[in-house]
Structures are given as structure tokens and as C-alpha cells.
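Starting from the given sequences, assemble the full structure and let the hints guide the process.
Heads up: the protein sequence lines correspond to chains Z and Y, in order.
Each residue of the first sequence is one higher than the one before, starting from 48 at the first, in my numbering.
Each residue of the second sequence is one higher than the one before, starting from 7 at the first, in my numbering.
I should point out that these hints are in silico values taken from the structure, not numbers from a laboratory.
Incorrect hints may appear among the rest.
Label-pair restraints from in silico Cβ distances [claimed, not checked]:
(1) Z:Trp98 / Y:Lys134: 39 to 47 Å
(2) Z:Gly84 / Y:Lys134: 15 to 23 Å
(3) Z:Val179 / Y:Arg248: 38 to 46 Å
(4) Y:Gln114 / Z:Glu130: 53 to 61 Å
(5) Y:Asn95 / Z:Leu175: 21 to 29 Å
(6) Z:Ala195 / Y:Pro127: 38 to 46 Å
(7) Y:Asp183 / Z:Arg80: 32 to 40 Å
(8) Y:Lys134 / Z:Ala92: 24 to 32 Å
(9) Y:Asp183 / Z:Ala254: 34 to 42 Å
Residues from chain Z that face chain Y, not an exhaustive set, calculated with beta carbons under 7 Å [claimed, not checked]:
(10) Leu63
(11) Pro67
(12) Thr163
(13) Ile172
(14) Gln360
Cβ coordinates follow ideal geometry from the N, Cα and C atoms, glycine included.
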Amino acid sequence: MTALTMPARPKRDAGLRPVPWRRMAWVTWRQHRAALGGVGAFLGAFAVYLWLTGLQMHHAEAAYCHPAGSLGCGINFTGRYGETAIIISIALQAVPALIGAFIGAPVLARELETGTFRYAWTQGIGRLRWTVGKLVPLAVAVTAAAGAFTVLFAWYNQPWAAAGYVTPFSARVFDLLGVAFAAWTLAAFAIGVLAGMLIRRAVPAIAATLAVYAGLAFAAGLWLREHYITPLVTHSTNLPGSAWIMSYWYTKGGRLVSRSAISQELQGDHHASVTHVGPNTVQTVLDPVRYLTQHGYTNWTSYQPASRFWPFQWIEGGWLLALSVLLVATTVWLVRRRAA
Amino acid sequence: MNVIETSGLGKQYGSTWALHECTLAIPAGHVAALIGPNGAGKTTLLNLAVGLAEPTAGAVTVLGGKPAGSPAALDGIAFVAQDTPLYKNLSAADMLHLTRNLNRRFDQRYAEDRLAELGIPLNRKAGKLSGGQQAQLALTVALARRPRLLVLDEPVAMLDPVARHDFMATVLATAADDGMSVVLSSHVLAELERVADYLILLSRGRVQVAGELDDLLASHRMLTGPAAEASQFADRPVVHVRRGAAQAHLLVRATADDPVPPGWEAHPVGLEELTLAYLREPGAGALPGPARSRNTQPSEVTR
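As C-alpha cells, this is what we get:
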């Protein structure tokens with residue numbers, strides 16, 4: 048009988064070459080090609096639809112909207128395509144969430160739920176390579192697909208931006224343009240894989256991914272985004288329409304005037320009343336801003352100029368990328384230490 | 007070389023120890039059976055050995071000192087888990103392809119020949135195969151990796167008798183041909199007598215009996231005699247006493263050469279008798295050496 052051979056320190060087997068990455072790429076493709084194909088078909092169909100309506104829309108804009116705001120433009124461009132454009136941009140908001148839920152969440156949840164992780168994690172390749180070899184190519188694939196889709200959407204959105212109907216900071220389009228759409232898709236995928244690892248069952252993980260993504264997207268749009276860069280402050284009443292207005296307030300003689308004081312001032316003068324505006328009185332009412340300026344008030348506005356669109360895109364893309372890397376790294380760490 | 011070696015190994019889930027103070031060494035070249043009641047820690051021990059779980063206490067090494075779960079260990083061990091999990095939506099051919107891509111070695115021809123022999127169509131989805139065929143596919147995929155150690159967790163529990171027989175026949179043939187070691191857990195005792203030549207009895211998270219089956223059987227005898235005289239064996243190492251109205255059956259630690267008292271008959275014991283006796287006496291133990299410490303020689307039952 049051999050004596051017990053318990054080494055003081057585990058020695059590494061020299062010359063044991065790991066299983067090559069490209070073989071893992073085949074495994075990832077084989078196991079997820081159906082889901083990737085589904086997303087590809089969905090985005091493809093969406094893209095064809097965007098392309099077709101986009102072409103008509105571009106023609107309509109070119110034909111009727113020079114100058115913009117004409118009656119013909121209103122009927123043949125904004126009137127005909129405006130509603131569709133809004134619906135499309137809202138529908139696209141859900142795309143990253145769906146990718147995260149249906150590609151990201153099942154990757155690990157399915158293995159843990161069906162017990163196949165006992166097969167996968169005892170193969171010669173090892174868990175670490177297996178996990179990284181799955182998550183990284185999938186993350187790159189969904190991010191690239193979203194990036195390609197952004198290019199198409201930017202083209203689709205162009206007539207609206209040109210005609211001034213959609214500002215670049217509009218909450219409806221900001222995260223569909225630039226690098227944000229790809230970054231949000233990557234983040235949704237990362238949320239999905241971590242949820243799958245933590246919850247270990249596919250359907251609850253899908254639901255959790257949708258909920259967490261929606262919460263994050265709303266929080267970013269409502270509270271976070273406006274703080275990326277300190278807003279500019281101006282007393283000009285003549286801001287370009289593309290600027291993103293954060294807030295405004297009035298001062299008189301260097302002192303801040305409260306809202307209630309302002310409305311009292313406006314109500315005090317019946318000519319400038321803004322509180323009893325009816326459909327037929329609109330044209331007779333004085334512009335309250337001009338009225339207040341004439342009476343010694345200064346109007347201050349804090350805003351983000353449209354020129355900050357790209358810095359904002361990079362900031363949003365940057366923190367989403369950092370978050371995604373953190374979530375994926377956490378997932379890999381959990382896979383490594385998870386006890387069966 | 008020991009294919010699995012543990013020292014003071016423990017695994018805690020919540021506040022309960024699924025495995026506690028487990029010290030054992032399974033030498034290479036055996037078909038070792040891990041036996042024990044449900045909840046004895048069989049699956050836990052195997053999960054620790056294949057690197058799926060991390061020990062709470064102690065250490066486990068495989069294939070002659072490699073840390074469990076290390077690349078070298080994963081490379082040399084094939085594991086077929088309970089209920090033989092397969093990707094149900096992949097075809098048999100895809101399962102082979104998948105496993106080939108996940109390992110440094112894979113004997114594609116062997117796998118294809120074996121599936122043909124078993125009549126498992128390569129293009130059939132794993133989920134559409136019968137339970138026996140799924141188990142055979144999982145086993146084929148594991149064997150085609152040409153492992154030095156095959157670990158099977160309750161491999162035949164879900165199979166009908168014919169599928170069970172076919173499955174174990176494959177395992178035994180490969181073990182004999184390739185010199186592959188096998189460690190399998192089971193609670194189907196009747197099945198094991200034909201296949202196992204090494205026995206580890208696990209009870210309440212501890213090792214109760216361990217050793218080569220022939221040695222264990224040779225060192226135990228069943229004594230049958232008058233029930234009234236059963237107490238005279240108090241000084242002998244009696245494992246288990248089963249009293250009838252007139253006769254008592256005593257499982258004792260004795261060899262064929264030991265004298266049999268007058269009025270008593272000695273019979274050789276089988277694996278099932280031996281195992282059941284020990285399972286009913288969780289306090290009794292037959293471990294290599296009387297009070298085995300970490301440095302004693304393993305696997306020697308009688309000395």
C-alpha cells in the first residue's frame with residue numbers, strides 16, 4: 048500500500064496546457080445560438096421596419112419641411128409620422144431589458160436549475176474558463192448588435208432633430224443614441240447574468256432582471272443624468288430650444304424671490320394674469336417673463352447646452368461600462384466559489 | 007497512489023455537518039463503492055472530491071495529491087452526477103462535440119462506436135432518449151474523456167434492472183481494459199457485490215468502514231448458535247447481534263482460522279449482510295488500523 052501523499056503545498060502540474068479559448072467559443076455559440084438568433088431576428092425585423100418608415104419619413108421631411116413648421120410639414124411630416132416615432136422610441140427603451148432578461152439571465156440560471164452545472168463545471172476546461180468563455184463573447188455580441196442598431200436609429204431620428212422636434216437630451220431618445228444604447232444593453236446583460244447566478248432559476252431571474260433594469264433606467268433618467276456636469280446658469284431669456292432646462296428662478300435686487308411671491312406679483316396685475324388663461328384669452332395675455340423682466344426681476348435658468356450631448360454620452364457609457372464589468376466580475380467570482 | 011484522499015474533511019451546510027472529520031484513502035486500481043443511508047454524506051464527499059464544493063474543514067486531494075478541482079485534477083477525473091444531467095436540447099452528437107471542446111482529450115471514435123453499439127442515434131436529442139439511454143450517453147461522454155478516475159454519484163438509482171446491468175457492465179469493462187479507477191456511490195447493495203472490490207461505508211457524515219472488500223469479508227464471520235449463550239462473546243469484537251427466539255446471529259470480526267465455540271456454526275458473510283450489520287450499529291467501525299491516525303497505513307483491515 049502506498050503511504051498517504053498529502054503534500055504540504057499543492058504543486059502545479061507543469062506542461063498541462065489549458066483548453067484553448069476558441070473551443071469554448073464553439074460551445075458558447077452552440078448553446079446560445081438559438082437565443083442569439085432570436086434576438087438577431089427581432090432586431091433585424093425592427094431594423095427593416097425602421098428603415099422602411101424612415102425612408103418615407105426622410106422624403107416627407109425633405110419635401111414639406113423647408114421651412115420647418117409650415118402647414119404642409121405639420122400635415123405630411125409631423126402629423127403623419129410623429130406618433131409612430133414616439134411609439135418606436137418608447138418600444139426601443141425596452142430592448143436592452145429584453146436582451147438582458149432573455150440572453151443574460153438564463154446563461155447560468157438554466158445550468159443551475161437543471162443541474163447541468165455538475166457536468167459543465169467538472170470538465171477539463173475548468174469553471175473559470177468556462178464562465179469567462181461564455182460571458183465575454185455573449186456580452187460583446189449583444190453590445191455590438193445594440194451599437195449597430197444605434198447607427199440606424201440615429202439616422203431615423205435625424206429629421207426630427209433637424210426640424211427641432213426632438214432635442215438630443217430628450218429622455219425619449221438620449222439613451223437610444225450615441226454610446227448609451229449599447230452601454231445600457233451591456234448593463235442589462237450583466238444584470239441578467241448576476242441575477243441568474245444569485246436566483247438560480249431562469250424565470251424568476253428573468254423577472255428580476257426586468258425589474259432591476261427598469262428601476263436603474265428610470266433612476267438614471269429622472270435623477271442621475273442631470274448631475275453628470277454642473278449645469279450652466281444664465282439670465283438670458285433667449286435660450287436655444289435644444290438646451291436641456293434644469294430649473295429657473297427669479298431674483299430682484301440680488302435677492303431670490305419665492306414662487307409664491309412671483310405668482311402674487313403676476314396675479315396682482317390683471318393684465319398679466321396667467322392663472323385664468325382660457326382658450327380664447329391666450330393671445331391677449333402678456334408674456335409673464337417679459338412682464339417680470341420689465342418690473343425689475345431677473346430670470347435665471349440653469350441648463351445643459353446641447354453641445355454637452357457627447358460628454359454626457361461618454362459619462363453615461365463610462366459608468367454603465369464600469370457597472371457591467373463589476374457585475375460580470377462578481378458573477379465570475381460567485382461561480383468560482385459557489386459550493387455545489 | 008490514492009485516487010481520493012481526505013484528512014479531517016468536513017462540510018457544513020448551515021448549522022449541520024453533511025460530512026465530519028472524514029479521513030480516508032482510496033487506493034488506485036479499484037472499483038470502490040461508497041455506501042451509506044440517505045443523508046450520510048455520500049454526495050457531499052463526491053462533490054468535494056470532484057471540486058464542485060469547497061471543504062469547510064480539512065483537505066481533499068485526488069489522483070495522488072492533486073488538490074480537488076485544480077486543472078490537473080479536473081483533467082484526470084470524469085464525473086457523472088446523480089440523475090445524469092445532460093443538455094436536453096442537444097443531440098447525442100452535440101453532447102460529444104461539446105465534451106470534446108471542453109477537454110484536452112476526447113476519444114471521438116470510441117464514443118461514436120459505443121453509441122452505435124447501444125443503438126443510441128447520434129441525431130436524437132438527449133431529452134428524447136429513455137432514462138437508460140440518457141445514463142449511457144452521460145457515461146459514454148465521461149468515458150470518452152479517458153479519465154484516470156471515474157466518479158459516479160448514484161448512477162443506477164433511476165434505471166431499470168436491464169439498464170442497470172448494462173451500465174455497470176460498461177463501467178467494469180472499461181475499468182478492466184484501461185486500468186481506470188472507479189468510485190461510485192449507491193444504496194443498491196445487491197448491485198455492488200458484483201462490481202465493487204473496495205468498500206467505504208459512510209454513516210452520519212463519518213467513515214464507518216473502509217477497506218478492500220475481500221479483506222473485509224475474510225475478516226468477518228456470521229456465528230449462529232443458541233440465543234442463551236450469546237452473551238459469552240462479550241470479549242469478542244461483535245459488530246451486531248440479531249436474536250431470534252432460539253437462535254442468535256452474531257456478526258463478529260473473525261477469520262476462517264479462528265476457532266468456533268462448540269454448539270455454534272460459522273458462516274462467511276456477503277457484502278449485503280456485512281453492510282446491513284454495520285449500518286444498524288453506527289457505533290461500530292472497521293477502519294484500517296484500530297485507532298487510525300493520519301500517518302498510519304491505510305487499507306489494511308486485519309492488522
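To test your reading of the hints: which numbers does this structure violate?
When the structure is compared with the hints, numbers 3, 9, 11 and 14 turn out to be violated.
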